[in-house]
Amino acid sequence: MADAKLFTRGKVQELRDELRASGDRRDKGFVRKKTALKKVVANMTMGNDMSALFPEITQCLAIQVLEIKKMVYLYLVNYGRSRPEEVTGAISGFLTDCHDRNPLIRGLAIRTMSSIPLPPIIQALIDPLRSGLEDQDPYVRKTSALAVAKLYASDFGKRIIDKEGFVAMLRDLLADQNPTVVANAVASLVEISDRSTDISLRLNATVAGKLVAALGECSEWGQVYILDSLLSFVPTSHMDAETLAERISVRLQHANSAVVLTTIKVIMYLMNYMEDEVLIRALERKMGPPLVTLLSSGSEVQYVGLRNILLIVQRRPAILQNEVKVFFCKYNDPIYVKLAKLEIMYRLTREDNVAEVLAELKEYASEVDVDFVRKAVRSIGRLAIKIAPAADRCIQTLLGLMGTKITYVVQEAIVVIKDIFRRYPNQYESIIGILCENLDVLDEPEAKSAMIWIIGQYADRIENSDELLEDFCFTFKEEAAEVQLALLTATVKLFIRRPTAAQELLPKVLKLATEEAENPDLRDRGFMYWRLLTSNPAAAREIVLSERPVISTETDRMDKGMLDQLLLHTGTLGSIYHKNPNTFIRTARARYLPDSPALNASSKRHLITPSGPAPALARLTISTSSANSGALSTPTIPSRSANMASSPMPAASPLPDASPVNGMRGGGGGGVDDVYGDLADLDFGAAGGGGRGGYETDAPRPRGGAEDLLF
Amino acid sequence: MTRIDGIIILDTNGKPLISSHFPQHPPSYATSHIDTFNHALKVAQASPSTSSSTKAELEPILWVNALSRGAAGVGMGGAGLCHVEREGLRFLVPVGRELNPLFAFAFLDSFLETLTEYLGEVTEASIKENFDIVYMLIEEMLDEGHPMTMETNMLKEIVLPPTLMRKLLSAAGVSSIQSPASAPFTAPIPWRKPNVRHSNNEIYFDVEESLDAIIDRKGNLLSSSITGRINCNSRLSGNPDLLLNFGNAKVMTDCGFHPCIRYNRWERDHVLSFIPPDGKFRLLEYQTDTSIGRAQLPLQLKASMSIEDYGGKFSLTLTSRTNARPIEDIVISIHLGQGTSSVSATATGDKRMPGVNSGGLARREENAAEGGVGGGTWEFDPHTQVLRWRLASLTATERAPSLTGSFTSTAQHPVPSPSFDLAFLIQHQTFSGLRIDQLKVAGDVMYKPFKGVKVASKAGRYEVRW
Chain A
1 MADAKLFTRG
11 KVQELRDELR
21 ASGDRRDKGF
31 VRKKTALKKV
41 VANMTMGNDM
51 SALFPEITQC
61 LAIQVLEIKK
71 MVYLYLVNYG
81 RSRPEEVTGA
91 ISGFLTDCHD
101 RNPLIRGLAI
111 RTMSSIPLPP
121 IIQALIDPLR
131 SGLEDQDPYV
141 RKTSALAVAK
151 LYASDFGKRI
161 IDKEGFVAML
171 RDLLADQNPT
181 VVANAVASLV
191 EISDRSTDIS
201 LRLNATVAGK
211 LVAALGECSE
221 WGQVYILDSL
231 LSFVPTSHMD
241 AETLAERISV
251 RLQHANSAVV
261 LTTIKVIMYL
271 MNYMEDEVLI
281 RALERKMGPP
291 LVTLLSSGSE
301 VQYVGLRNIL
311 LIVQRRPAIL
321 QNEVKVFFCK
331 YNDPIYVKLA
341 KLEIMYRLTR
351 EDNVAEVLAE
361 LKEYASEVDV
371 DFVRKAVRSI
381 GRLAIKIAPA
391 ADRCIQTLLG
401 LMGTKITYVV
411 QEAIVVIKDI
421 FRRYPNQYES
431 IIGILCENLD
441 VLDEPEAKSA
451 MIWIIGQYAD
461 RIENSDELLE
471 DFCFTFKEEA
481 AEVQLALLTA
491 TVKLFIRRPT
501 AAQELLPKVL
511 KLATEEAENP
521 DLRDRGFMYW
531 RLLTSNPAAA
541 REIVLSERPV
551 ISTETDRMDK
561 GMLDQLLLHT
571 GTLGSIYHKN
581 PNTFIRTARA
591 RYLPDSPALN
601 ASSKRHLITP
611 SGPAPALARL
621 TISTSSANSG
631 ALSTPTIPSR
641 SANMASSPMP
651 AASPLPDASP
661 VNGMRGGGGG
671 GVDDVYGDLA
681 DLDFGAAGGG
691 GRGGYETDAP
701 RPRGGAEDLL
711 F
Chain B
1 MTRIDGIIIL
11 DTNGKPLISS
21 HFPQHPPSYA
31 TSHIDTFNHA
41 LKVAQASPST
51 SSSTKAELEP
61 ILWVNALSRG
71 AAGVGMGGAG
81 LCHVEREGLR
91 FLVPVGRELN
101 PLFAFAFLDS
111 FLETLTEYLG
121 EVTEASIKEN
131 FDIVYMLIEE
141 MLDEGHPMTM
151 ETNMLKEIVL
161 PPTLMRKLLS
171 AAGVSSIQSP
181 ASAPFTAPIP
191 WRKPNVRHSN
201 NEIYFDVEES
211 LDAIIDRKGN
221 LLSSSITGRI
231 NCNSRLSGNP
241 DLLLNFGNAK
251 VMTDCGFHPC
261 IRYNRWERDH
271 VLSFIPPDGK
281 FRLLEYQTDT
291 SIGRAQLPLQ
301 LKASMSIEDY
311 GGKFSLTLTS
321 RTNARPIEDI
331 VISIHLGQGT
341 SSVSATATGD
351 KRMPGVNSGG
361 LARREENAAE
371 GGVGGGTWEF
381 DPHTQVLRWR
391 LASLTATERA
401 PSLTGSFTST
411 AQHPVPSPSF
421 DLAFLIQHQT
431 FSGLRIDQLK
441 VAGDVMYKPF
451 KGVKVASKAG
461 RYEVRW
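These protein sequences, in sequence, are chains A and B.
Per full-length UniProt numbering, residue 1 is the first one in the first sequence, and the count goes up by one each step.
Per full-length UniProt numbering, residue 1 is the first one in the second sequence, and the count goes up by one each step.
Just chain B, same shape as in the assembly (with noise of 0.2 Å):
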C-alpha cells in the first residue's frame, strides 16, 4: 500500500507549525507523532556517545507506538515516522501502513522543491506568512496520502504562487484569479505545461560531479565513487524536443533519468533525447566506473598527526595533480575532539602576486587568498572544535603547501576524529571526462535558443585518514 497519512511541519522549537489532517485517525495521533519525535530527539542531544557531535543523529525513521486505541490493538498498533530537517524546520511525515520509507522520502523532497519554488527559501517565516498557499499545496499535493499533483508545472495552475497573488490581490477588484487556463490537466506531456512562453529562449546545463573517496594512512585510496549530475535550466518557449549528445556517453554507466527522457533512445544510441520541464529540473544522474586510481587523484595530501597528553601536533602537505585546471575552494577540516582548547599552526606555500588568481572567477569567500601568499588562511572554532584550512586556489607548478601546527587540549588523551574532510572545486572539468557535445533543438519551435553548458567537478565526501 503506498500511501502516506499525511505531513507535519515542526518549527525549530518542535511545535507544530503545519499539520495536514489525518482523517482516518483520531485526533491525537499527529500529537503521539510529535510527541515522540520530540523526544528522541531530546534524548538524541542529550547522549553523550556521539563524538562528531555537532548534530544529533537521529534515525530517520522512528517508530511510534500506542496509537491504537482501537479494538483488537493491543500493542499491535504503530507506525513508522519518516522525518527530514530543513533549516531547522523538521518536516514529519507519518506512514502508518506497510509502506515504503523512500517514497515518503521522496515525497518529502518533492514537496521540499516546490515549497521552495513557491516560497524562496523554506522558513519558519515564510511558512507562516504563506500557511494558506502551503495548506492549500498539501491538499493539492495529497489525497488523503496519495500524491495527486505533484509537478511544480502543474501546481503552479491549481494554486497561484504568493507574489503573482499578491499583486493579483493589489489590482483590487480584479476576479481573474476565479478559472485559471482552461483543462490544464488535460496536458499530453505530465511534466510539461501547455503553452510555455519566453521571450528570451534560453536551455542551460549544469554537469557537476562529485568524487567520494575514503584515503588510508598511506595515500592508498580504499573506496571511492563518483556521482555526477546534470541539471538543467530550460526557458523555451512551445514544445521544444531536445537531443543531446555526449562526447563519450559511455562513462555514464549507472544512470538515473528524469522522467522525461526517452530511454530507448539512450539504450540505442546513447543520446539524450526528450522533451524539458519548464524551468529547474534534474535531467539525470550517473555514476561512473572509471574507478578512479591513486595516481588520477586531483588532489594529494599528506596528513600526519600525533597525539600527546593534553595535545598534539599535526602536518599537512597538499600537492596539485591537476595540470589543466586550478583547484579551488580547497577546505580541509577536522574535528579536534571534545575539550579541544587552543591551535597555533603556520600556513606556508607559494608566494604569489595579490590579485593574480588562475580562475579569475568571483570568490566566494573574502579573505582567502588575500595576503598573496599561496598558504591559505587557518581558522580554528572553539564552539564546534573544528580546525579548518582554506586554500582559494592551487595549481601543479606552485609549491606545495603547508599546514603545521599543534594544538592544546583539556583532555588527557585528546580524541581528534580519525580522518580529515577534504573539499574543493575543479571548474571546467570532469573527473570521469564526460563532454556535452551537442544540443538539437526540433519540435513545434522557430526560435534559436541561447545554450549554455557549465562543468564542474568537486569533492563530496572525500576522507583522508591519518
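Here chain A stands alone, though its shape is the one from the complex (with noise of 0.2 Å):
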C-alpha cells in the first residue's frame, strides 16, 4: 500500500515534470503535451490521485486544440467536485470556451461546467447556458437543454434554475426545429419533474400531438424519451387517446426494441382512457408481433421481453392469445428465459391448447435443471386447477412423472396433487394409493406436509392413516415447523374421523407439540386443539373438519389496478421485479394512473390513487366479471373469515397450507431474491382482503402539487 502510494507520488511528479516541459514553441502540434495528457488521463481512469496536477491541467485550458481540451475537461469533471478552491480558477477559461466560435467547444464547456455542480460554476454557467439555449447550433442546444436537469440535481442548482426561468426555456425548446433538441429538452423537463415536489410535467393534447410529429425525425434515444414523456399526458377525451395512440403505433415497427417496449407501454397506458372497443382490438393485434419479435433478439433482450409480456397478458389476454408457441421453450435457451417462459405459458394456456401445453411441459420435466424441472411440473398441477376439463389428463400426466421415481419430481408432484385435492374435492381419492407408495423419497418439508394433509383430510379412506402418521411423527421433533404443524392437525383430524385409530397417537402429539416444542405457534395450536377437544368435542368435529374454500387460480392474477399501474412502468426494472420502482428504489416515485373524465369504467374500477385503491367493492367485482375461460367462477372467497372461524391465528389454520402467499414472498423493500417467486405462489384466496399481492403502494403523494406545469 504504502509502496503504491509512494508510487503514485513519483509518478505524479514525473507527470507534472512532463506537463511543465511541454507545450512551448517547440512541443509542434502539442504532440507531447498530448502525450503527457493521456499519461494522466490513464493515471486517473486505473484511480491514481491525480489530483495534485490541478494547477498545471487548468493551464492547459488556454490551449485551442479539441483533442486536449477534452482530456483537460475529462479531468475537471473527475477532480473538480473534490477541489473546490482550485476549480474556480478555471472558470475564466470556460467562459472563453462557452464563446468559442466552435460549437462543439460551446457544448463541450456548457457540458462540463454543468458536471460540477459547484456554486461559484454554476453561478458563472448562468449567463453561457441561457446563450447556450438559445444557440443558433442544435449541438449546443441540446447540450444545454440537458444541462439544466444536470444542475436540477443540485439544491444551489435548483434555486438558480427557478430564479432564472430556465425552465421555461425548456418548455420553449419544445417547439424547436430540430428534433434531437426537442427530444433533449423532454428529457430534462421528464428528469425535472421526477426530482421535484413541484414541478411536475403535463402534456396538454397539441403539445402532445408536436411531440409525436417530431417522433419521425429523431434517434431511436430521442424517440424514447419523447415517447416516455407522453405518460404525462392526461386524455380528456376518448378522442385524445385514441388518436395518440393510433399515431404512435407506427413506433412498433422500429428496430430498436426499446422504442418498441415504450410504445407498447404508451399504448397500453392509453387504452384506459378509450371506448372505441374495434380500435382496442385492432391496436392489441398490431402490439402482439412485435413483442414476439422480442424472443428472436439476444438472450438479455428476451429476458426483459418477457418478464414484460408476463404483465402485458395479465392485462390484455388478447395480445398474445394464440401464440403459446412462440414462448415453448428450447433445452438451449438460458434458464432464466426459460423459466420466464414457463410462466407465460401458464397464463397463455386454454382449454383448446392445454394438450399440447401439457406434452411441451412433460418434456421439460425430464430436463436437467432441477429448478426449471420442478416449475414444470408445478405448472402442470397450476393447469389442473386453472382449467377444470383437463384436470382428469393434467393428473394422469403427473402420476406419469412421479412413476420415474426422481426424488425431486415426485414430491414436486405430490404439492401440487394436494392443491389439486384441494380444488377438486372428492373427485381423485383413487390416487392416493400411488401417493402412499412413494412416502420414502420424502424429504423436503413442503411435500412432507403435503403428503400428510393428504393422509389426514383422508383419514377414514386410508386404510393405514394411523399407522403411516405414526411413521411420521418418529421424527417429529427433527422436522420443519411446516411438518409439525401438519402433524399435530393431521393427528387430530384422524381422532375425529376415526377416534380409535388416533388414541394413542394423538396425546403423543398434543405432548410433543405443547411440551416439547419450542415454535410458539405450534404450541398455541397444540393448545387450542387440546381444549377444544376436552372443552367440545361437537364444535371440534366442526371446526377441524369444516368445509375448505375451493381454491381457485383467479387470486394468482395479479390485481388489475394494481397492473394498470405496474403497467406504466413497462420496461423499467419495476416490470422486471413485478414491484412498483418506488417500493425497491428509493429514488423512485409512485406512478398513478391518473383519473380524468376519459378514464373508461373498468379502468376506473380497480384505479389506485395515491390514496389507495378504489374504493367501491373492487375486488369482489373482479372476481365476479373476469371469468376466466371456463374455469372456475367461484368468487374470490373471503377466506379470511373463513380461516378464522376455524382458527383464532391466521397463521394457524388447520391446514398446513402455509404454503407461501403472495406477501410473504415478493414482499418487503429489497427482497427481489426471488423473482419467480410468483410461478410458485398459489394463493389459497387469502388476498381476499389483504395486501394487493404484497405490493404496497408508497405512502401517499399527491401528484403536481403547487405548480403544475401546463403545457
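Don't read these hints as lab results, they were simulated from the structure.
As the structure is a computational prediction, the values presented were derived from the model and not from experiment.
Any given hint could be a false lead.
Some chain A residues near chain B, calculated using beta-carbon distances under 7 Å [unchecked claim]:
1) Leu15
2) Arg16
3) His254
4) Ala255
5) Ser296
6) Val304
7) Phe328
8) Tyr331
9) Pro334
10) Ile576
No residue lacks a Cβ here, since even glycine has one placed at the ideal position from N, Cα and C.
Starting from the two chains in their separate frames, assemble the complex, guided by the hints.
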C-alpha cells in the first residue's frame, strides 16, 4: 500500500515535469503535451490520484486543440468537485470556451461546467447557459437542455433554475425545429419533474401531438425520451387517447427494442382512456407481433421482453392469445429465459391448447435443471386447477412423472396434487394409493406436509392412515415447523374421523407439540386443539372438518389496478421484478394512473390512486366479472373469515397450507431475490383483503402539488 | 426517467478496465457494482445445476444492494445492473433509477458497435491501447447517462478514429486536428454526415433469413419462426435518395426499420424509400408469418438415441428437401451429458468426387468434404462433451447421409441433452421467397452506383428432439 502511494507520488512528480516541459514552441502541434495528458488521464482512470496536478492542467485550458481540451475537461469533471478552490481558477477558461466559435467547444464547456455542481461554477454558468439554450447550433442547444436537468440535481442549481426561469426556456425548446433538441428538452423536463416536488410535467393534447410529430425524425434515443414523456399526457376525451395511440402505433415497427417496448407502454396506458372497442382490438393485434419479435433478439433482451409480456398478457390477454407455441422452451435457452417462458405458457394456456402445452411441460420435466423441472411439474398442477376439463389429463401426466421416481419430481408432484385435491374435493381419491407408494422418498418439508395433509384429510379412506402418521411422528422433533404443524392437524383430523385409531397417537403428538416444541405457533395450536377437543368435541369436529374453501387460480392473477399501475412502468426495472419501483428504489416515485373524465369504466373501477385503491367493492367485482375461460366462477373467497372461524390465528389455520402467500414472498423492500416467486404462489384466496398481492402502494403522495406545468 | 448511470468494462479476470465516472454517486458506487457482479458470476459458475454448462448463466439484470449511505435510505437503495459479455470482456451498465433495461441494452449494443467500428476488434488489448479514445467516446456518447451523440458517423467527426489519428501524429507538427469540419452538427439528416465522398460508388445488400424451430420426436414442427435481416453497406457520395423494390414485400409482416426509412411510403406502396447512412448498417429486420409446415423444412433430421447403463447409442439420418440449392455448412451437435468419455461412430453417405462441390464457393472449413465422401466428418470434444457432425454440403439427389454410433460414459445413467442442435446455410435463397427486385437511386447524385445483393438463409435456434 505504502509502496503504491509512493509510486503514485513519484509518478505525479514525473507527470508534472512532463506537463511543464511540454507545450512550448518546440512542441509542434502539442504532441508532447498530448502524450503527457494522456498519461494523466490513464492514471486517473486506473484510480491513481492525480488531483495534485490541478494547476498544471488548468493551464492547458488555454490551448486551442480540441483533443487536449477534451482531456482537460475529463480531468476537471473528475476532480473538480473535490477541489472547489482550484476549480474556480478554471472559470475564466470555461467562459472563454463558452464563446468559442466552434459549437463543439461551446457545447463541451457547458457540458463540463454543468457536471461540476459547485455554486461558483453554477453561478458562472447562468449566462452561458441562457445563451446556450438559444444558440444557433443545435448541438449546443441540446447540450444546454440536458445541462438544466443536471444542475437541477443540486440544491443550489435548483434554486438558480427556479430563479432564472430556465424551465420556461426548456418548455420553449419543445417547439424547436431540430428533433434531437426537442427530445433532449423533453428528457430534461421529465427528469426535473421526477425530481421535483413542486413541478410536474403535464402535456396537453396539442403539445403531445407536436411531440409525436417530431418522433419521425428523431434518433431512437430521442424517440424513447419523447414516448416516455407521453405518460405525462392525461387524455381528457376518448378521442384524444385514440388519436394519439394510433399515431404512435407506427413506432411498433422500429428496430430498437427499447422504442418498441416504450411504445407498447404508452399504448397500454392510453387504452385505459379509450372507448372504441374496435380500435382497441386492432391495437391489441398490432402489439402482438413486435412482442414476439423480441424473442428473436439476444437473451438479455428476451429476458426483459418476457418479464414484460407476463404483465401485459395478464392485463390484455387478447394480445398473444394464440401464440403460446412461441414461448415453448428450447433446450439451449438460458435458464432465466426458460423460467420466464414457463410462466407465460401457463398464462396463455386454455382448454383448446392445453394438450400441446401439457405434452411440452412433460418434456421439460425430464430435463436436468432441477429448478426448471420443478417449475414445470408445478405448472402442470396449476393447469389442472386452472382448467377444469383438463384436470384428468394433468393428473395422469403427474402420475406418469411420479413413475420416474426422481425424488424432486415426485415431491413436487405431491405438492401440486394436494392443491388439486383442494380444488376438486372428492374426485381423485383413487390415486391416493399411488401417492402412498412414494412416502419413502419424501425429504422436503413442503412435500412432507402436503402428503401429511392428504393423509389427514382422507384419514377415513386410507386404511392405514394411523400407521402412516405414526411413521411420520417418529421424527417429529427433527421436522421443520411446517411439517410439525401439518402433523398436528392431521392427527387431530384422524382422531375426529377415527377416534380409536388415533387413541394413542393424539396424546403423544399433543404432548410433543405443547411440551417439547419451541415453536410458539406449534405450542399455541397444540393447546388450542387440546382445549377444543376436551371442552367441546362437537365444535371441534365442526371446525376441523369444516368445508374448505375451494382454491382458485383467479387469485394468482395480479390485481387489475395494481397491473395498471405496474404497466406504467413497462420496460423498467419495476416490470422486471413486478413491483412498483418506489418500493425498492429510493429515488423512484410511485406512478398512478391519473383519473380523467375519459378514463374508462373498467380501469376506473380498479384505479389505485395515491390515497389507496378505489373504494367500493373493487375486489369483489374482479373475481366475478373477469370470468376465466371455463375455469372456476367461484368468487374470491373472503377466506379471511373462513379461516378465522376455524382457528384463532390465520397463520395457524387447521390446514397446513402455510405455503407462501404472495405477500410473504416478494414483499418487503429489497426482497427481490426470488424473482420467480409468483410462479410458486398458489394463493389460497387469502389475498382477499390483504396487501394486493404483497405490493404495497407507497405513502400517499399527491401528484402535481403546488405548481403544475400545464403546457 | 431514461438515463443510465455509466458504463464499466471488466477484463477477463473481472478487473475494471474502464469505468466511466459516476458523478452523482459516491466513489464506492462503481466498486460495489463490480463486486456484486463478480460475486454473482462466481456463484453461477460454481453452481452445478446448469446442464448445458458450457457457460454460466447469469441473469442479465442483477440487483445491487446496499449502495445507499444516504440519509433516508435504509435498505431501499439499490440499482439494477445490466450486463453483456463480449469476447470474455464484461460490459456493465448500472441503472439506478426507474429505467428501461432495454434502453441500457440498446445502448450497450450501440456502444459495442461503435467500439468495433473504431478499434476493429474489441479485446482487452485493443481497449488498453486506445483507452483514451474509448474514454472520449464514452464522454461523447453519454452526458451523465443520457445518450448524446450515438451515430458513428457523427462521432467520427468529434472523436477521431485511432488509425487516422496515428497517421496525423506521425506527420508531426501538423495541428490539423484542431478543428474538424465546421459545424458538423447541423447536419439535416441525423444519421448521415454531409459531404460524403467515395471514389467508387457502391452499395451492397445482404438479405439473411434465419429459421428458429423445435421439431418433436415424431418429426413434427412444434414451433417455428423466421426472422429476416437486411444489412446494408452503403458507400455512396452525396445524399442519395434510394428506393428499394421487393418482389413480394408482403411476406414481411412485422418489420423493424432503421430510422432512415420513410414509414408512410412503406405503408402505402410496400417499398423502402430512404437516404442511407454511410457505411454498414442494418436497414431492416422482419418476421414472416408464412407459417412454415413440416413439408417445407429444408432439411430433415431423423434422430434416435437410446440410453443404456454407462453409455448409449445414436443414429442420425439427414435428408435434404431443397431441390434447387445444396444445403451447406451443416453442423449437428449434441451435448452428451456429464461423464461422457468416448464416442465411436461411422458416417456414411453418397460417394462423391473430391472437389466436386455443387456450391462452388469457398469453404470455411478445410477438413470438410475432403475425402470425397458425402457422409461428412464427426468429432467429439471431451471437454465440452459435445458431439458434432459436419457436412460441407448436401443435395436432394444424393443418398441420405447418416451417422450411427455409440458413446460410453462414467455415469451409470447418462443424461444427454434432449435435443440435437442443427445449423445449416442455404445460399441464394430465402425461406420466405423474398426478393429484392430493383434499386433506384435519386437525389443529388450524378453517378451510377454499383449495386450488389446477396441472399442466404440459415438455421437459427433449431432443435430436433430425439
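Structure-based check of each hint:
no., hint, in the structure
1, Leu15, "violated (15 Å)"
2, Arg16, "violated (19 Å)"
3, His254, "holds (6 Å)"
4, Ala255, "holds (4 Å)"
5, Ser296, "holds (4 Å)"
6, Val304, "holds (5 Å)"
7, Phe328, "holds (5 Å)"
8, Tyr331, "holds (5 Å)"
9, Pro334, "holds (4 Å)"
10, Ile576, "holds (6 Å)"
Comparing the model with each earlier hint shows violations of hints 1, 2; every other hint is respected.
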